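Peer 1: The primary structure of each chain is shown beneath.
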Amino acid sequence: MDFTLQVWRQDSPDKEGRFEVYRATNISSDMSFIEMLDSLNIELEQKGDTPVSYECDCLEGICGTCSLMINGRAHGPGACTTTCQLHMRSFQDGETIVIEPFRAKSFPVIKDLIVNRSAFDRIIQAGGFVTVRTGSAPDGNAIPISKIDADLAMDAAQCIGCGACVASCKNSSAMLFTAAKVSHLSYIPQGQPERMERAKKMIEQMDEEGFGACTNQAECEAVCPKGISIKFIARMNRDFIRSSF
Amino acid sequence: MNLDAKIPSGPLESKWTNHKFSSKLINPANKRKFSVIVVGTGLAGASASATLSELGYQVDTFCFHDSPRRAHSIAAQGGINAAKNYQNDGDSIHRLFYDTIKGGDFRAREANVYRLAEVSVNIIDQCVAQGVPFAREYGGQLANRSFGGAQVSRTFYARGQTGQQLLLGAYSALSKQIAAGAVRMHTRHEMLDLILVDGKARGIVTRNLVSGKLKTHMADVVVLATGGYSNVFYLSTNAKGCNVTATYRAHKRGAAFANPCYTQIHPTSIPPHGDKQAKLTLMSESLRNDGRIWVPKAVGDKRDANNIPEAERDYFLERKYPSYGNLAPRDIASRSAKEVCDEGRGVGPIGVGVYLDFRDSIKRLGHETIKQRYGNLLDMYRLITAENPYEEPMRIYPAPHYTMGGLWVDYNLMSTIPGLFVIGEANFSDHGANRLGASALMQGLADGYFVLPSTISNYLANEKLSKVPDDSPEALGVLREKQDEVNKLLAIKGKKSADVFHRELGKIMWDKCGMARNEQGLKEALKKIPELREEFWSNVSVSGSNEGLNQAIERAGRVADFLEYGELMCLDALTRTESCGGHFREESQTEEGEAKRDDQNFAFVSAWEYKGKNTAPVLHKEPLNFENVKLAERSYK
Ligand SMILES: Cc1cc2nc3c(=O)[nH]c(=O)nc-3n(C[C@H](O)[C@H](O)[C@H](O)COP(=O)(O)OP(=O)(O)OC[C@H]3O[C@@H](n4cnc5c(N)ncnc54)[C@H](O)[C@@H]3O)c2cc1C
Ligand code: SF4
Ligand code: FES
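Protein chains in written order, with my numbering: chain X, 13 to 257; chain V, 45 to 681.
If we strip away everything but chain V, and leave its shape as in the complex, we get (with noise of 0.2 Å):
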């Protein structure tokens, strides 16, 4: 398996403008007879989607929700990283790119995360073009506020609604673009597999969600704006919908997926309240900006939150980590809260939980002040836990968020299968071992908008492909493979429920790969997860037919997926044996407890490439250079 990365040559300022320039471009008539297929409309999708239509390609965007409108990047709340430098705080490209590595854990690219930094000025440009009403200062400006791991205020935002407004301005220009008859949208329609011909992607395979029927359709370039795999916890942040099956399903044709077991616990989420939940609740990290996260100095102290003294209390983030305090980065946040809980300090009815207290921002700033900037979510939180946060602290626990991890792409955003190419959250190119608070919506808008319009033209024009019809042999075959699946599903006729799968799998993973692992639990795990699965294959009910809706099947079909995805994040967790970014392995900490990097054997990204169904996947190690930086200890005390 060739890892070239492709990175240009040059310093690292330059890279990007030279790559641009001495790409080949195709002309505007030409481009017309190029075809591309975009699966997914979330914020990555549904900008690519509408800068390549504008260039003239023909282009197909395909997503299983019933408008584009809706795919999960319409949840994020926070907002966008850009340095605008606006604050005059002394941001610039090169210290959010210090950043981004440095958050990271010095485990993405150099050369990728510059050329984020880059663009990111773009994009804020872009979407204030498109009418996005970003908040604004008195005076007419563009607002920021700060968010974890920075130190400078460089987060742009929409109230708490950042995502919902950059995705509905996406959303805007593909609406545009399909009006003009230049992108044809497919909405509920699930990406079922990949077409190879010649051993380049060329086509999908599809199920119509309302018809049943599975058709292929074929292209000269497939782009996966699929989004990410947090669902394997089944209890994350995500929506429901959110899956692996995109991503997988190309990997089982040879993608190679990265760093599967880069997992993001966010810090700020509403704690579980009983076995049925559905999902958990994010409560934006920008609460911790003015909130102060506390638990009790003593075990099992069960008085009411306002009822414990000023002196009785641990302000745990302020005094392990002086100078970010409450701003740590995600992980160490997380890990910090779990530390607590475990000791029995934790809080609210089960001892899952620490506090989120606003008193003294309320009594510094104000009550109408902390309304305004942090209303709705405050809101939102009464609405779920019928408690008044104005008035009592709000209870927060780390949950499954973001996957850094997905499918290998080099700089050009291609996967090791030519032709297809990954943007946004299903790709692993930007965050290393952790994602920084509001660099994933940037991620998808750059790759999106900037980056992927330009490298993909460069590859069309570097090819020379003949034009590949539906009913061809390659692409009839993957249908008929397709096909044979679903009614195997629904041969089944077991007695359980893809759901109560899904829960178990979600149990798994927290425990044994979730916030800390270590090779016991890990190889627990690798033994448990075919069990599941095969139990799966023999009892899962699936009812109802293969025509017309059923969600049955839809269920069915990701969940097969996350059974056996999960265990490839397990085995790729047992292998890396260092602690980095959100991956912590207990047996790599430090004497204070803090993550270990080992910097000699774990500097790479780590590759897997499938290789059949009863065979073990190989890894392959893409090494990582820095150059630029130096790699340091990540400290935030």
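Just chain X, with the same shape it has in the complex (with noise of 0.2 Å):
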């Protein structure tokens, strides 16, 4: 398959960015979206020209490092997916195709495709954790917790930090992202005792590091490639409201 490429090149968060068109030829179809980037960059640098910047690392959908915006579209087609599990065959031959970074007030271009997605690390850090030190914990089977309760933890821990939420939402909200937290440890005995705590702190981070507001447009719940239900941002603001009583 050939392919047409519009890729997003910024040499740095200051300098103005603009389209490069390439072009990559023969890629065959079962080859993920990463590795035809991959022999991209690896014929750029056969000529001496600069590869293109893009993060990704496991890729197998769990690392959340890969970005992309795929033709418009957060992780490119295809529900449930990250970029890096994204295959060739989910293409025409003869296409082409626009790459972009994810695009947020709060997520700076660092270079290329590479934004800076730190403020989520802040969002965590401002109480997505159990206050436990190590050593003080009661035996695993101590404190019984429901299988329907645990898989619901589970299903929004299952949240990979990737920002596609983000870059896909006209408010840049990190409503999906925040509420996957905050419900994970609110499911659970072990989330209870900070739990209205915890939902406050977390949001004021939030709307700290400039993330818009949500409007219910459910575009995060569309491209999110952990499936996770935009149920749980009511969850969190049930919690949140409760808080401030």
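By construction, these hints were calculated from the structure, which means they are not laboratory data.
Watch out, some of these pointers could steer you wrong.
Claimed, not checked - The following label-pair restraints were derived from C-beta to C-beta distances:
1. X/PRO150 with V/LYS657: 48 to 56 Å
2. V/ASN351 with X/GLY90: 25 to 33 Å
3. V/GLN527 with X/ALA225: 46 to 54 Å
4. X/LYS243 with V/LYS341: 34 to 42 Å
5. V/ASP643 with X/PRO89: 55 to 63 Å
Said to hold, decoys possible - Stretch-level coverage of chain V by chain X, calculated; a stretch enters the list once three of its residues show a Cβ under 8 Å from a Cβ in chain X:
6. 312-322
7. 474-486
In this text the structure is predicted, and so the values were computed from the model without any measurement.
The beta-carbon is built from N, C-alpha and C at its ideal position, and this holds for glycine as well.
Each chain sits in its own coordinate frame; assemble them with the hints.
Peer 2: The structure is reproduced here in structure tokens:
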């Protein structure tokens, strides 16, 4: 397969970016999107040109490192997939593919397709944990947790922190990411003592980082590679409201 | 070189308790005066950073990722072992200890392994307290599954994302400490070298991957938690970024490298599809609980799997190892798969693969149960291959996965360089020549949460360390060397991408030092690797500049180290003429083709000492003494 690629290039945060056009030829349909970009880079390096900067690591949809807006959609076409799990068979031979970074005010571009997502880390630091010291834990089976609650907690805990939800939201809201963590801990007994406080602090941090408000468009849920449900946002909002009483 | 393992005296069961009791403590107010550098935020590094800072030490933690949560540990799927005996199926600390020693083919230290089994139970408690959503039974109790190399159910799991949930637990503990100002987190920083002062590890040089700036950081001790080196094979199940740089460069500064040839090839990954492939995707070994592995009996049988009648299928693991069947340990399962493919009975388009079939368990347990147990893994398979594993058997093939070798450490997890501690996959300590499934997560967290915090305190309490400034002559010396190296790479302006060199090296390693090794092949590799390395240093293309983010520099630096490290691996494999665990020397096998150990001559740890650029490394041996288990042929029949 052959493709025309329009790739966002930007040398550094303060320089202006632009689209560059490249040809990707002889691509097998079994190749992943990242493998396609890798082969473009090998060609560029062979010519002494600067390779395109993009991020990936696990290549199996779990680390949350890969990003990319592909043809205007976070992580490209396909439900519940990350960019690294996308295969070229999802595209038409000869297609033009537009590749951009995850754009949001709180995710500044570092270079080309790489953005800074450390705002997410700071949201977790604001309260996304149970305050427990190493060595102070009771036996794992001392507190039974119903399978239903454990499963719900796990549904929320699956978030990989990729930021697709932010990139696809017209308000650049980080509600889905934040709600996933808040909900994970709110379904289980260990999370109860700090529950309301946690929701409050994490939402405050979210605002401080400059993420926008949620206007219930559900774009985030549509692109989330882990299928995190927006019902968790409602759950977090309830905790947040209760935290102010 | 002194290889004193410092194993405490006394009976096996009380060594760790006695050792902790006889360790010197530091009073809480004084801990603040000590500083620790931790490199790595996988399970080992994140748990260590969190715990050390809770104790009161000043901790500086580094990772090359953009967030600590992205470390390779996140990808572990199957589970984590612990000797809880919640199933009442006869498990105990002693049994986990014995299984691990035996699984490692009697090439690990008894005392270390016993301690690992002992603290395994605390790990689960700690993780539950952090909110890790482990799988539960309907009554609310923790659920378990069984895993390769064990006859009891002792594996705890969180769907197929156990590593993710454990790492997010450790990351949350780390985040709590960062928020409290107790850990200074340096993301997107790559450690380029270790700084020694008066023979002790006192700091590191890092490259800020965003600005390109090199900088020195000093502390009282340095902890490496930088993971394994499977990517020396280029194609492996590891994340793209995994590399050997930190441990190898520490090796060049004097840390002995132990058992580099002990690498694990995992039996269940998705077979390769072509030569542009970036990595191999692991399918969790837990699939072997309910999936049956087979190939056609006839060579060259190209029929669709579903059209091959029962009588013409060879369930080769069940046939050869009736008591463990599809749950035979990894090395055995991998080698058996390679054998049937070498015989021409492999399946899939290029004949590289064997079937893993859920047909019978779907019949027995129902579609829903299988979906519940393995849904996300089967979905992932479908996504990658565009085939439906509920309807036709999956295809799997072995892939490099884990490295048992690593920097040599004593019982205290300290390397041969005083003040340099090594934890997690980066050290060699607990898995001998083969690691059992679900034991790496256990070891990483055991080291980080429970072992290191205690042994590091003892070291600091006994040493008199004066402060060393960031711009001490030793620090600046290493800094200058590293700057020169980066400049040298940039000046080559060759024609070939570092990635291409990496692939070529990977092919040599896989062919000559992969699943099966022999003298001739290893000698060929030892000739080819230096040639490739030479070509690298004259023809690698590293474009761009020193300033700002430049991934070409990152890649080239890592490949340069692999190109040296591969040679050490082959040398170690050549020297160890026995077969053991993941190291299979074709010259040393039984008549049935099983690995043949040579306890008379090889019951030792190989620890290699670096001797300079053009000098051969020197082999030192730490003898392994078995006082509590009897060395036996590792039979899984
Ligand atoms: C696909 C897969 C599935 C697995 N499943 C299981 C399982 O089910 N059960 C099990 O027990 N084990 C499993 N394992 C093995 C297990 O995941 C690893 O052995 C373990 O997670 C390693 O943890 P670690 O903390 O030692 O290192 P890692 O998680 O690899 O972390 C390394 C850290 O070091 C940092 N780093 C490395 N080099 C540098 C440098 N030079 N400078 C700065 N930072 C650096 C990285 O940024 C990272 O933070 C699996 C492995 C794979 C590949
Ligand atoms: S909620 Fe979904 S899209 Fe948002 S960070 Fe988590 S996994 Fe990514
Ligand atoms: S690279 Fe890890 S999720 Fe894509």
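Peer 1: Decide, hint by hint, whether the structure agrees.
Peer 2: Here is how each hint holds up against the structure:
1. X/PRO150 with V/LYS657: 48 to 56 Å: With Cβ atoms ~55 Å apart, the hint holds.
2. V/ASN351 with X/GLY90: 25 to 33 Å: Because 31 Å falls inside the window, the suggested range holds.
3. V/GLN527 with X/ALA225: 46 to 54 Å: With a Cβ separation near 47 Å, V/GLN527 and X/ALA225 satisfy 46 to 54 Å, so the hint holds.
4. X/LYS243 with V/LYS341: 34 to 42 Å: 52 Å, violated
5. V/ASP643 with X/PRO89: 55 to 63 Å: 57 Å Cβ-Cβ, so the 55 to 63 Å window holds.
6. 312-322: Holds, because 5 residues of the segment 312-322 of chain V bring their Cβ atoms closer than 8 Å to Cβ atoms of chain X.
7. 474-486: violated (count 0)
Hints 4, 7 from the earlier list are contradicted by this structure; the remaining hints agree with it.
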